[in-house]
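In order, the protein sequences belong to chains A and B. Under UniProt numbering, the first residue of the first sequence is numbered 1, with each subsequent residue one higher. Under UniProt numbering, the first residue of the second sequence is numbered 1, with each subsequent residue one higher.
Be careful, since some hints might not be right.
Claimed, not checked - The calculated label-pair distances, taken between Cβ atoms and stated as ranges, are: (1) B:Lys741 / A:Gln459: 41 to 47 Å; (2) A:Asn288 / B:Thr268: 29 to 35 Å; (3) B:Pro81 / A:Asn228: 46 to 52 Å; (4) B:Asp19 / A:Val101: 52 to 58 Å; (5) B:Ser203 / A:Ala91: 56 to 62 Å; (6) A:Pro568 / B:Arg521: 55 to 61 Å; (7) A:Asp292 / B:Asp275: 30 to 36 Å; (8) A:Arg191 / B:Glu80: 17 to 23 Å; (9) A:Asn288 / B:Leu570: 22 to 28 Å; (10) A:Leu222 / B:Tyr194: 52 to 58 Å.
These are computed hints drawn from the structure, not numbers from a lab. For glycine and all other residues, C-beta sits at the position ideal for the given N, C-alpha and C.
Number of protein chains: 2
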Amino acid sequence: MSHLYRHLRIHQVFGANTDVGKTIITTALVRASALKNSAVFYLKPISTGPLHDADDAHIKRFAGPNQSLVETRCLFRYDEPVSPHLAVKMASGAPKNAVSVPSDRTFLNSVAQYIRSCARKCPAGHIYIETAGGVHSPTLSGTTQVDSYRPLLFPTILVGDSKLGGISSTISSYESLLLRGYIVDAVILFRDHYYRNYEYLSSYFTARGLRVLSVDPPPPRLDNHAKNAENTEAYYAKIVSGGLDGDIFEAVRHLDDCHTRRIEELDTMPRRTLDTVWWPFVQHGLVNSETDVTVIDSAWGDFFSVYERAPEPPSETASSDNSLLSPQFDSSASWWTQGLGHSTPSLALAAASAAGRYGHVIFPEATHLPALKLAERLVKDGPGKGWASRAFFSDNGSTGTEVALKMALRAFSIKAVPALTPVERKNLGVVGLKGSYHGDTIGAMDATKKSIYSCEWHQPKGFWFEPPTVSIKRGKLVVSVPNPMFTSVASTHHFDTLDALYDVEGRLSSPLAEAYRLFMRQTLQTFNRSNEQRLAALMLEPIVMGAGGMIFVDPLFQRVLVDIVRDPSLFSTPLLVIYDEVFTGFYRLGLESAIPLLGANPDISVYAKILTGGTLPLAVTLTSDRVFQAFYSQSKADALLHGHSYTAHPIGCQVANETLDLISGLLQKEPWKAAQAKWSADAKSRSTIWSFWDPSFAQAMSHLDIVEEVMTLGTVFTVKFNGDNTGYASHCARKLLQSIKDVVNHGSRSSTLASDSFGIHFRTLGNTAYFMTSLNTSREIIEEVENRIWATLNTQNKGLLQ
Amino acid sequence: MSHLYRHLRIHQVFGANTDVGKTIITTALVRASALKNSAVFYLKPISTGPLHDADDAHIKRFAGPNQSLVETRCLFRYDEPVSPHLAVKMASGAPKNAVSVPSDRTFLNSVAQYIRSCARKCPAGHIYIETAGGVHSPTLSGTTQVDSYRPLLFPTILVGDSKLGGISSTISSYESLLLRGYIVDAVILFRDHYYRNYEYLSSYFTARGLRVLSVDPPPPRLDNHAKNAENTEAYYAKIVSGGLDGDIFEAVRHLDDCHTRRIEELDTMPRRTLDTVWWPFVQHGLVNSETDVTVIDSAWGDFFSVYERAPEPPSETASSDNSLLSPQFDSSASWWTQGLGHSTPSLALAAASAAGRYGHVIFPEATHLPALKLAERLVKDGPGKGWASRAFFSDNGSTGTEVALKMALRAFSIKAVPALTPVERKNLGVVGLKGSYHGDTIGAMDATKKSIYSCEWHQPKGFWFEPPTVSIKRGKLVVSVPNPMFTSVASTHHFDTLDALYDVEGRLSSPLAEAYRLFMRQTLQTFNRSNEQRLAALMLEPIVMGAGGMIFVDPLFQRVLVDIVRDPSLFSTPLLVIYDEVFTGFYRLGLESAIPLLGANPDISVYAKILTGGTLPLAVTLTSDRVFQAFYSQSKADALLHGHSYTAHPIGCQVANETLDLISGLLQKEPWKAAQAKWSADAKSRSTIWSFWDPSFAQAMSHLDIVEEVMTLGTVFTVKFNGDNTGYASHCARKLLQSIKDVVNHGSRSSTLASDSFGIHFRTLGNTAYFMTSLNTSREIIEEVENRIWATLNTQNKGLLQ
């Protein structure tokens, strides 16, 4: 992951094209840094072309007074002067498919290792990392440089192209860097007095807040090597003079300033945040010291790059390879939104292309391709397949469920037999489950029981069942039926496999199903008799109630409830059924949607979070045609008069379309197959109900004494601790896991893939902790996260037992 | 604006760099198209370099059987082989600052004019427009090509770079095109067998859904012109053979397919939208024919590019210069969101850079630069200056006002003297104005009176005054006091200037202010005595109530109300004051915020819409420290337990920061100064209360018989028609304006800047129509919009009088 050292400034040099002077400008920067008395490391990770012309030759010829301060290194060198991805193949001399090419990870680890060794070696210095070719030139693996170096996110210098066409390639290269989130500290190019690109680019980039520095052009290249070298040395002597002034020294000063300012900014961020921001769901009285603030400098894949303020080295000789930035695994998937890893280039590009083609455009009575494609996909080929006819867009899960409620209340009102009185209309109720949560807006909250989340205006409208739950307790997969429900039914029911437990259709004829039915009928009959409230809708989070505490509900109970609220013997008008799949949808639980699993279609369902792959807010409410028709008339007053200005914003829709494309690319891939096979009873088949987490990890965890139960499906793993039961306000899980945030073996491992070399950023819900992966997190990383969780809690467990 | 013809396929050829073979490949495409019996137009808008080497020379040498079908054209030619922005200066021979350079608009009009002439001439054909240099090479004005051609949004071909470094420049160029919303139909490049870029790029782009076509490389260029020409002809003869097969013909087929598919897609969009989408605020029973659907193909500046299905030309000889795409001025600013023009490149780049650096990252207890900078800016140097201490992020105006309500209710509850009972807490009320609207979620609706927008669960909680309003009636600026309010006060009060009317501080001592005070005191005293509800907050949209019907409220009335609810003699605990500036903020009304105008700070204020420049949803609720402290304790249960997963998403925050930068760049510019001067009583000074619309236009409009009144401030111009007063459900304004949507003089004008050459896309609120500009709409365009509105309504007016 990203590296940052107070004592060691690092810059990566990208070129606007090949042959624009990267090596010359980098050499000049290296020499100038040395003359300014800084230790200088020049790293050329990959070099291609004949050795006599090697990139570090110019540096090696440096005979300045501080010559000894300079170190050069090349990690991979190939003779053939072609793109590295070809050079590595040609060098092996073997047929293409037999070539052993270092993976991106191996390659990055080599770079990171070298950077750390530099950090250890010197008390103050500069590193220049020179890339090969242009920004998008492929590396050994074939991934292009901007993508392949991105996890390290070094600040960059872009060497501009001073020749004809160079304005274009310089600006385009800059945009490709920005699209990957790079920090560009300077554009440096030669002052070609005929094409004068430096003039144009200076004014272009200055207007964009970016510094452009220009340098005298080098002498023309000659065929005579010796003469060439002599001329070049003379050139360096001129532009990098002992007087320590001129353009190159100005560049070094500027880069030093950028480095200093960046660290100063990062240092002040916690205090400034505590002084200006009001966080959601946070008691500022409990989170008020600077060390409580997680400073996220960037994010890549499943990891945040987090800044941790470290003291300046105590003396000139002290140096450290502890990067100020350390990786934290984002185990809340950034509040359940993330599904494909942070900063996915194709999602950034999707956002950019819609922003460039439309910005936002008005949606009522209008249409545009990103929204139309997304609507069609969700309705016809997504969670709406087979039952939905329409997509209604809004901005987040909470507005999406409010839309669902408004739809359901109206659709019920219109069909209700006997017809509703005005008072009954106002007082329509919702059936649900205790622990449900459908968003933070007041209307969405009114569809749930009073809880710690409710505000002054909260008026719970309806009735909520306490549901039987699913968990793994001491190694056993169990449905636990809450005590007050029945006297005649056992409180626990064991299942051998997830497939058996989640076989809702098969379990419909079980005695437990009959018991559920009886209990619900009696309860709802009593409610109907004793209450003035008419029930209009059933609102459910299928399979898991997220914010309520990651409670896995017996799906059979949910299915039976759906059947009951549509039973004409109980309700003269069938209730509208709403599935809130905001958290559970799009494979969060290993299934695109829980609808096929429950075996009963809703009338309305709601999606958000993963829908945009964890980039920006967008929600969709899907409905059946019956619901749509309830609003269809010749009168505007009958319409659904709800809408947000940014409804169906093209950027969100385009990103969602790209997200769904990326997800469908994962479905049949090896990592999914392997996980599905692990959860299958029969090793050769794949379970449809499965988890990315290892069954043996779940087993082991469930046996810890401090653990009451665990559960896992899809990307989610939850642990409920024995301990205080003060609910959401409990700090129990948080305390037990506190140490998991820190990097144990701070940055000193060459690979980021040892669990002690990264922290785990986690969120808890009272005495429940949960961990989530993305849909494309590698098994390798999940295993390290499992190891780390296990190690942390096993230690706590032992401590508790002593 | 964008052009599209059924009978004429247009492609614009961009190059990944200069000297990549654009001319050769374009020539081959032209020749192949002609051999396939299509009329072919080759347009090189700008050509630089010596004439003997001109870009169209290769085409002119074409001696194929269908030679007569080919036409070439160059619009601007310069001898000097440098970038066009320099060539035009060098050609003039004059010192830099004396050069007359065609503006981007003049330049585009020349291109558009030629395209139309082609469309008129031929019943079926192809146009190839060859650009100069790379995608970002500057045009004559200095704007780079991708930006300067963007309003025309032709589908593009990218000619890839087959040389060393060419993989990078090709991918970067592609990304720059995508960032501007271009449709890229193909990448075409030479098959260089040493660097093999075509292999790499084929697999790279195929994975991204983009077709790559490769072509045999041309012969090496020789110094002998004649020999060169001969070799090149032989080359063309080989790759563009009479057999109509081979790579180039495959390319032509592919481009034809792209064109056909695009039109097919556009043709089907209305039906598919009517079948799948549920629009906000739309009665689908009234909007159900395909012609009712506005198909927005793209948007640029203040204009949508709208597809209108036209019949195929009836015969082979029929041709037409009616583009299937026509410009519509976005006069609702896409539901009030847009402020800087659609598809602003720097906003797209801001979105991309945050997507590339972070994606979304979790916000509670965390921080990142885009959110922190935005919070600081809004609190310290924006609408919060001088009173706010904190920024709370959410997703849209509605969630932003729900957050404000939750804050106010809690802050009041805690401070209330005497302390509140549980029943009182639930029943806390809001004071406001009739016609207020704070968003569509149920809680936000509960802070307003029952209206056509309210759903079954609506429970109005509070009391709403009918406010005096501001308008221009028959040329006079008037405050109209509603009848039931007082018997002792005149129902109309005239003012000479906006400055006088909006001088709230000065008017505080007027008799009218005293009358307001008395009336409010009496009304609220009566309310307090006769009602069980405790009032806790005042919630206002300062200056204009938007969704309520663009009602301009007497600001004095709002100010007096703020003072009254803080008067201890009336309220033992002062009410919390919330300003909902979601619509009115960020210069929508010519002021960053109405707070200085009202002269009374709120406790809480809310922002959204323009905040992100009209790109994507983001809202911020600002609060005073007093409100923040009400939630500050040692208990999690006291915290504001509200938050959305995408809280403070970096993409939105980064775009907002860029938006605020762009806006501050406008403040002191000429167009603003000129408008401010027009609204000033003294021609030499600038009014602080002003409008982008012309005073004489407002005057004239107010005198039309069909018009009851008009009003304007900042970007907003409203017209209230005499007619039925059925409120929101009235179709009166919509009917009167219907014809303004259409382009009258369909596409045949060379400039898009004649009001009959563009339609006006408008939204109405019952019998009120409103029109909005961006903050950077040129006076020229506003004038054309004014003319068009005037012409349309004046015609209706005459019709009505007959």
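Each hint tested on the structure:
1. Range check, B:Lys741 to A:Gln459: Cβ separation about 44 Å, and the 41 to 47 Å hint holds.
2. Checked against the hint of 29 to 35 Å, the pair A:Asn288 and B:Thr268 fails, with Cβ atoms roughly 57 Å apart.
3. Remark: the range hint 46 to 52 Å for B:Pro81 to A:Asn228 is contradicted by a beta-carbon distance near 28 Å.
4. At roughly 32 Å, the beta-carbon separation of B:Asp19 and A:Val101 lies outside the given 52 to 58 Å, and the hint is violated.
5. Against the hinted window of 56 to 62 Å, the Cβ-Cβ separation of B:Ser203 and A:Ala91 comes to about 21 Å, which falls outside the hint.
6. Against the hinted window of 55 to 61 Å, the Cβ-Cβ separation of A:Pro568 and B:Arg521 comes to about 57 Å, which satisfies the hint.
7. Checked against the given bound of 30 to 36 Å, the beta carbons of A:Asp292 and B:Asp275, roughly 52 Å apart, lie outside it.
8. In this structure, A:Arg191 and B:Glu80 meet the distance hint of 17 to 23 Å, their C-beta atoms being roughly 19 Å apart.
9. The hinted range of 22 to 28 Å is not satisfied by A:Asn288 and B:Leu570, whose Cβ atoms lie roughly 37 Å apart.
10. Distance hint check for A:Leu222 and B:Tyr194: the Cβ-Cβ separation is about 24 Å, which falls outside the suggested range of 52 to 58 Å.
When each numbered hint is compared with the structure, violations occur for hints 2, 3, 4, 5, 7, 9, 10.
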